Each structure stands twice: as C-alpha cells, then as structure tokens.
Amino acid sequence: MTAKKRRSNGRRTREAYGFILPGVLYMLVVVGYPIVYNFILSFKDTSVRNLATGTSKFIGFQNYIELFHNPTFILVLKNTFVFTIGSLIFQFTIGYLLALFFYKKFTLSGPIRGLMLIPYMMPMAVTGLLGQNLFLNSGLINNLLSKVGIAGPAWLTSTSTAMIAVVIMNCWVGIPFNMLLLISGMSNISEDVYEASAIDGAGRMQQFWKITMPLMKDSILAVLMLGFIYTFRAFDLMFIMTAGGPLNSTDVLGTYSYMLSFTQYQFSKGSAVAIVLFLCLLLIGILYLLLLRKDDKEEEA
Amino acid sequence: MKKKAASVVLAGAMALSLAVGCTPVFAGETEAAATGGATLNPNTKNAEELTLWHYFDAAADAKAIIDFANEYNELQDKVYINPTYVARQELMNQYTIGAVSGELPDIGMVDSPDMESYISLGVFEDVTKQLGDWEDLDKFFPGPLSSCKDADGKIYGLPQNSNCLTLAANMDALKEAGIDKLPTSLDEFKEDVEKTTNSDKSQFGFAMCAISTEEGTFQLLPWIVATHDGTKTSLTNLTDEKAAIGLDVLGGFVKNGQMSPECVNWTQADAYNQFCAGKAAFAEIGTWHLASIDNDVNGAFEYQITTLPTGDEGTSSSTIGGENFGVCTGCKDVDEAVNFLKWFMSKDSEERWAVQSGKLATRSDAVPVYTYQEDNFKIFQKQMDTALARGPHDQWPTISEQIYTAAQKVFLNGDSAADALKAANDVIAPILESDPLPEQ
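Just so you know, the sequences run in chain order A and B.
FYI, our numbering numbers position 19 of the first sequence as 19, with every residue one higher than the one before it.
FYI, our numbering numbers position 385 of the second sequence as 385, with every residue one higher than the one before it.
Some clues are possibly wrong.
Here are the computed lysine to any residue pairs in the SDA-like style, where the Cα-Cα straight-line distance is at most 25 Å [unchecked claim]:
| # | chain 1 | residue 1 | chain 2 | residue 2 |
| --- | --- | --- | --- | --- |
| 1 | B | K279 | B | D187 |
| 2 | A | K44 | B | T398 |
| 3 | B | K149 | B | D385 |
| 4 | B | K149 | A | L51 |
| 5 | B | K201 | A | Q132 |
| 6 | B | K279 | A | L51 |
Just so you know, these hints were derived from the structure itself, not from any lab.
Predicted model only: the values in this text are computed from it and were never measured.
This is chain A alone, in the form it adopts within the complex (with noise of 0.2 Å):
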C-alpha cells in the first residue's frame, strides 16, 4: 500500500468516526448513563432514608451477598429461568409447526396467518387482564375443563399451578411472534433448492432436515436469542395478571426490581436485582455473538 493511499485511508476513518459521533453520543447519555448509575447506585445502600440526603454509602457488595442470601430472590431467579425456558420450548415449537403450516399457500392462508398475530398486537396489560378472568377459579378454563369431566385446578391461588398460567398466557403471545419469524426464515430459502432436490429423488421428510432446517440455521438460533432476551426481561404479563404471587410464585427478575425500589423503596437492592437480570442477558448476548463467529469461520472454511 502507498502512503499516498493510506493517508487517504485514515482520512476517511476520520470522517467515518464523524459520521457515527451523534448515534454513540445519543447511546452514552440514553443508554450507557443509565446503565452506568444503575452500576454505582447497586454498590451503595440508598435507600428511603438517605435518598434525600443523598448520605448514602459505598458498601461493596453487600447487597449482592444479602440477595444471594435471600431465598426470595433464589426463588425469584428461579421463577425467571422456569418462565423464559418453559415458555421458549413451546412457544418455539408450535410457532415453527404453524410456520410450516402457513408457509404453504392454500386459500385463506394469508388472512388466517395476519388473524394469528392478533394475540402479539394487543397490549400486555390487556392480555394480563385476561389471563386473570381465564384462569379464575370458576373462569373460562376450568369451566372448559369441567364440560369434559377434568376438574381444573385453582390457577392463580396456587402456588404450583400460577407459573403454568402465566406460560401459557406467553405462549399465546409468543407463539405468533415466532411464527412470523420463522416464516419469513423460510422464505429466503430459494425454490430451485427444494426443486433441485425434488429432482434428485428427495422426500418430504428429507428435503425438511437436509435442508429447511440447516438453511434455516440462523433465523432459528436468532428467534431463539430474541425470544430468550424478551421473556427473560417479561415484566408487565406478571405485574398486570398475577402481581408476582401467589406467594412470589411468579415473582421474576423485573418484576422484584420494580417491587423493592418503588414499593419497598430499597433502591440499591432493587438496581442490584436489575444488574443480575442484566449480567443475565449480556451472557446471552455474548453467547450469541460466539455461535454467530464460529458459524461465519466455519462458512470461510
């Protein structure tokens, strides 16, 4: 390379650093501040005796070996990996069977596939309020139930059976949102392939695990790492259908946070609750991020 070519080079570095100033401007004050103090504040003790004083100290991580300590919490970090595992299995797969199902055009596909959705487009809050008057004692479900002899259970009083409630109730809106996905996964997979492979003697079953599946290797592994980051972070199913109990039974990560700052006003506990939940979601970023390389090595390979 002449010196001519990398002076230029560089110059253009240069411009490109201006041209990205405003977008890493915008995440440092938004999102880098915010994270940032949330940081700081869960190595203090403020809480409602020293917020206004602002004599609150640096006590380490004091609050991070009491919420270890706390069973509570264990149950709560529990609650949250039941809900985002329980709640990705069957959501994925009656998402990726449906999508199947659409991908096919037949009469009416298109309106019963835009009808689908309805369940991802309303609101949380409506869909929580829902789940409450469904799972009632004497609701819909259990009224359903006993049409065919099964006695349903008390859903949302009990502390067994409320996690299954709320899985449900994420399933019916996750479902859609996977399905979508996935389907506009399958459509980037060419025609001539299937076609191609039809000709050389392929059946159904084959063409689906030699080649839907591999080709639609990334938008699985992407609808799973969004699923995984939005359920693991769900807040508003639980606040508006359950508050968090029976007994914290549905008690997770975001909704415990929101409960010890803004209902018990331990503000440092609650942001060490939110670093948890976020250390959480970073490891999955980065999980994500090495699959995605070895996958990008293996494709240069």
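Since chain A is already given, all that's left is putting chain B on it; use the hints.
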C-alpha cells in the same frame, strides 16, 4: 445468504418490538372516568397557579375536588388551584421519581400509611412553621394527624378524609341459616360463617381482600391486632400465641371452603362486589362503600352493618385508612398552599366533603349531616374509636409486605398461623427495634 436471512428476521423483530414497546402499561395522566359533569373554571383572575395531584377516581370524589377547587378559586385571588387526576399507582411512581428529579406538583395527595416514606424521601415540605401554631390543629383526630408528621414531630400536611373497616352481613342469608343476631365475637362469627356457607348456591360465608398490596394488609390487620382472653396483641408481640388466633380462624375459613382462596387476588372492590352479588354472606367493607352499596345490592337482599367481630365479646378492632394532602418540595408558594389546606380541611369543608363523598371527617369538631345511610355512618364512626393507624413508619411498606405474606402462607400453603407470624416477626422485629411505632 444466511446473513441475509438473519438480518431479515432481526429487522422484523425490531420493528415488531417497537410497535409493542410503545404501549404503556399505565395510562399516565388521564382524565377521571367521571366527574359528574363538574368542570374547572378558568383562571380569570390571573392568579398564581398551584397544581394539585390527586387520585380521586370515584365519581363523587372526582366531582367534589373540582367543586372545592372552583369554590376556593372564587373565594380569593392570590392563587389558582388546578387539580389534576393521576392514577394512584402512577402518582406513587411520580413521587418516587420526583424525589430525585424534583418534578413534583405544588400540593399532593397521598394514602396515609405511605406519607411517612415520602416524607423520608423528601417529597413533602416541612410546614411546621406555617401550621405549628394553627389553633385548629388540636381539633384533628390524633391517628390521622400523626400520619402527617415525621419521627421528630415536624408536620408536612393535613389529613383530609378518614375511613375504616366494618362487617357487612347479608341478612337474608343469615335468616336462612337460622341466625337472628349479628356476631359480636370471633367465636360467634366463626360459627355464623360456617352456617351461612352454602356450596349449592355457591355462597361463601365470608369475603375479604388479602391481596399482596397495602390493601391486603389494611383488611388483614384487624384480625391480627385484636383482643383475645383480655390480651391485646400488637405488631410488637406477633409471636404471642394469642396473636395467631384471628389468622388461624381465617385460614380455617379458606381450608373449609367458607372463604374463597381467590381472596389473595381480590382487591377490596372485588371482595365488596362478591358480597353485593350475593356470593358471600359476610364481607369486610370500607366507609366509602356506603355511598354505593344500596345501588350495588339493588334490593336483592337485606343487609346490615356492624363492627368487626375480631376478638372477645365486646371488643373490636379495625384499621384507619384515609388520605392526606401535603405541600410538595419546591412548591411555588408554600404559605398560600398551606392557606388552601387550612381552608380545605376547615370544619366546614370537612363536614361537606364527608357527606358529598361518603367519608368520615378527620376533625372531632366536624359533624357531618349525612343525607343517606345515617345509621351506618354512625357504626363506622363508632368503629373509628377502636381502629388503629398503620405506622407512621418510613419502612411501613416492608412491614406491610410481611403481614400479607404471612396471611397468604396460611391461606395457600396451609402453614400454621403461628409459624407464618413468627417468620413475619423475624423481619418486623428488627425494624421496630431500631425505630419503634408510636404508641396508640
């Protein structure tokens, strides 16, 4: 191509998340559902505007606050009171955020047990200077007034309305079960609830609210802090075996199908609606329900109201509820805001407000002349004598959480009341040790 597939998926997801992400959980500042046709007159005198945030959402209250603001704005020309409705939960969030950002109204309404926390958070202005030597101050009932003060006795606002809890009974259901008198002790009540439970008619004996919020604690406390065999329990002796008696009885109701376990998800309005719909023979109701109960029962059955049978014959306990108004930090004109409060909580205003919106007055010299339900208001006034204030304590939310959690453990997990209260006491005792509750 793989990259392209992934980017299409991601772009789609982001677009969708934007669409959904914009939907707020709370409506924020919304107009009250119904103000009974009342509208705020414009600020024609060009007076300094003082904003007042409130969460009066019942039609009678929402109309009353506008009527009172109009009246005061007409009465003087220094300030213009501008009441704004903010949904209760949203209002509480705004106070907490405002404690840091400083964005607060000039005058704010607050649920009495929360006031102490907000005082600690710096939401309210110390108005001891303006109110300390007001000759009317000793006319206020001590319970409600104490909730406007901090631990050092400094005053931050005034109590505007009071309420408490009593027992409503469906007299038709009682008659059918062969009961001819209202229960006066916990033992009698226990028997009556058992007799009036009728699963054929899907009628429970009792309905109350045990939800995991302050509302749950409000309704549960009378059953925990009661008198048994002459011993009065309080939050400082929760491990006393007598303290468990009331909660044990309530737990028995749930266990025996005499009270719906759904009470753990019911707000006070839900429990009251169960009663009005004839699905519960007894219910714990609040003063504010008197304004609507005739309408809601709609002649379906006869009902009567009596003091809560929480303990020994002749004893009763209840909880004081109500709202305070405080002058917020950074108020444009503290002196004038206090002058408004003095007028708003004057003997005359208190009497009129109590009648108009179905509440109890916060002053002993105010004698509201109720135009409806006179006898039942008397029962509430009588119940007030034995009703306890919650706190004031700046860590009341943590104490409150322990109370409803203990009850839910008994109702849902079948824990013994003694064990549940012991667990609650493990958290409450250290808090009260370092900062005790005032005597009452």
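Has the given pair, K44 of chain A with T398 of chain B, been kept, meaning a C-alpha gap of at most 25 Å? The given pair, whose Cα atoms are some 19 Å apart, holds under the 25 Å limit.
Can you confirm whether the C-alpha distance between K279 of chain B and D187 of chain B stays at or below 25 Å? holds, 22 Å
Given hint L51 of chain A paired with K279 of chain B - CA-CA distance at most 25 Å: violated, 46 Å
Are K201 of chain B and Q132 of chain A close enough, with their CA atoms no more than 25 Å apart? Holds: K201 of chain B and Q132 of chain A sit about 24 Å apart, inside 25 Å.
Take a quick look at whether K149 of chain B and D385 of chain B sit within 25 Å of each other, Cα to Cα. holds, 21 Å
Would you check the hint for K149 of chain B and L51 of chain A, treating anything up to 25 Å between C-alpha atoms as holding? Given pair K149 of chain B, L51 of chain A holds - Cα atoms ~19 Å apart, limit 25 Å.
Checked against the numbered hints above, the structure violates only hint 6.
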